[in-house]
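J.: Residue numbers (numbering that gives the first Met the number 0), protein chains in the order written: chain A, 0 to 234; chain B, 0 to 234.
Treat the hints as calculated values from the structure; they're not laboratory data. Note that beta-carbon positions come from the ideal geometry of N, C-alpha and C, so glycine has one too. There is no bait here: all hints are sound.
Derived DSS-like pairs: lysine-lysine, alpha-carbon spacing no greater than 30 Å straight-line: (1) Lys-23(B) / Lys-50(A); (2) Lys-83(A) / Lys-3(A); (3) Lys-57(B) / Lys-83(B); (4) Lys-217(A) / Lys-180(A); (5) Lys-174(B) / Lys-228(A); (6) Lys-162(B) / Lys-162(A); (7) Lys-50(B) / Lys-23(A); (8) Lys-78(B) / Lys-49(B); (9) Lys-50(A) / Lys-174(A); (10) Lys-174(A) / Lys-162(B); (11) Lys-50(A) / Lys-50(B); (12) Lys-23(A) / Lys-49(B); (13) Lys-162(A) / Lys-174(B); (14) Lys-23(B) / Lys-57(A); (15) Lys-49(A) / Lys-23(B); (16) Lys-228(B) / Lys-228(A); (17) Lys-228(A) / Lys-174(A); (18) Lys-50(A) / Lys-49(B); (19) Lys-180(B) / Lys-162(A); (20) Lys-228(A) / Lys-162(B); (21) Lys-180(A) / Lys-162(A); (22) Lys-162(B) / Lys-174(B); (23) Lys-228(B) / Lys-174(A); (24) Lys-50(B) / Lys-49(A); (25) Lys-23(A) / Lys-23(B); (26) Lys-162(B) / Lys-180(A); (27) Lys-23(A) / Lys-57(B); (28) Lys-50(A) / Lys-3(B); (29) Lys-217(B) / Lys-180(B); (30) Lys-162(A) / Lys-228(B); (31) Lys-228(B) / Lys-78(A); (32) Lys-228(A) / Lys-78(B); (33) Lys-83(B) / Lys-3(B); (34) Lys-50(B) / Lys-3(A); (35) Lys-23(B) / Lys-57(B); (36) Lys-174(B) / Lys-228(B).
To list a few chain A residues with every Cβ distance to chain B over 10 Å, as calculated: (37) Asp-41; (38) Tyr-77; (39) Tyr-119; (40) Glu-188.
Number of protein chains: 2
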Amino acid sequence: MVGKLYGVSVGPGDPELMTIKAKKRIESSDVIAYPVRSYGEDSTALGIVKKCIDISGKRTEEMLFEMNPDPSVRESNYKDAIGKMASLLDRSDVSMINLGDATVFSTYMHVSQDISELGYETETIPGVTSFCSGASEAGIPLLTDNEGLSVVSMAARNDRVFKALRDFDNIVVMKAFNSMKILASMMDELDIPHDRAIVVSNVSTEDQYVGRFDPDRKYGYFTTVIIKKNGGMRP
Amino acid sequence: MVGKLYGVSVGPGDPELMTIKAKKRIESSDVIAYPVRSYGEDSTALGIVKKCIDISGKRTEEMLFEMNPDPSVRESNYKDAIGKMASLLDRSDVSMINLGDATVFSTYMHVSQDISELGYETETIPGVTSFCSGASEAGIPLLTDNEGLSVVSMAARNDRVFKALRDFDNIVVMKAFNSMKILASMMDELDIPHDRAIVVSNVSTEDQYVGRFDPDRKYGYFTTVIIKKNGGMRP
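Turn these sequences into a full structure, and let the hints steer you where they fit.
T.: This is the structure in structure tokens:
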């Protein structure tokens, strides 16, 4: 018997923001796999799961994806992960859990496509993104009828962030935690007032911060900036 | 006693894609309000709720927002809706339900901001968007680490859709149901092969269609096109 790979999105942080489907899927899985940047580190996704599901009796498996500048290390990590996943699937179903939504900046989607090419069945269960949750917490729309939205990552190319800021009404900048000053200078260059930006950090967790954009403040790793050029911020 | 307004996102269609929080909130609400374009029409959002929650004994209230070309009609609808909501809140909590996520193209967000200015407390519960659900069903990432994503509506200005197609790797075009030919001609002008687009229609419902982009085919009202210029589509 060959198992099926489920990519289960667990949402932004609050365990109650997990979908009913995600919860049921994890409850009925014998194996929970989760990505780590180093072995033994705390997994935010697993932490969310543990708050609402009793996982004792389930096997948990770390999938190592280092943030290593050397591409050969990253490739070797990835190859190992695919091998490990395939051998797990040869025995049972696996739920690979993902923070937020699995289709937004996740390693799972690559794993899923390669595992699928090896002949295994896969299914992705969508979830609540951190930016939807952040906008909800801030009480602001991400976009209304005549607007566009762009989602970019500060970890990627800066010119794309700049273009997004220039051409779109609403911009979600993810992974912004250590790039606040660069972002501030781009906004200054484009005459976007800083009060059009809201910072959403560790959304829907106990450490949540939702507030004004302050380039001099320190923010946590899970920090997203939502910029609404047309305003529409609540005080 | 004055009630609180909850904007409850019910997700894209499958009742199990509702969050645990949304389900609990609706279960504990005496009043469920939902937007309609004409009185008595079927509400997709209410249909989702009814599939997993027994709403007998709860009061349901239609909020009329016509798709009328006359702005004075739309303004009058909106004013009436705010008045109705305020009078409901003077007696109890209200859950206003929203398809997908309440921060993406929803009337609720405007209602929430105005109700909040009248002094009532409001809270938004985020949900799974149709585009995350669609990408999951298609088995494709919405974006990976070095990419950007744009979300635009075909109901809005065409030049924005064109810019998004020109400048972004990944483009989600919402409300595309009757604009497939315009979209196709934009893609042709920008040399984007049609096989880089996937159509997601009535996602996570029994009428779901996930498949190749065909400008000559008829699609339902809830149709989104996901275009990945760099490929990454599964067959």
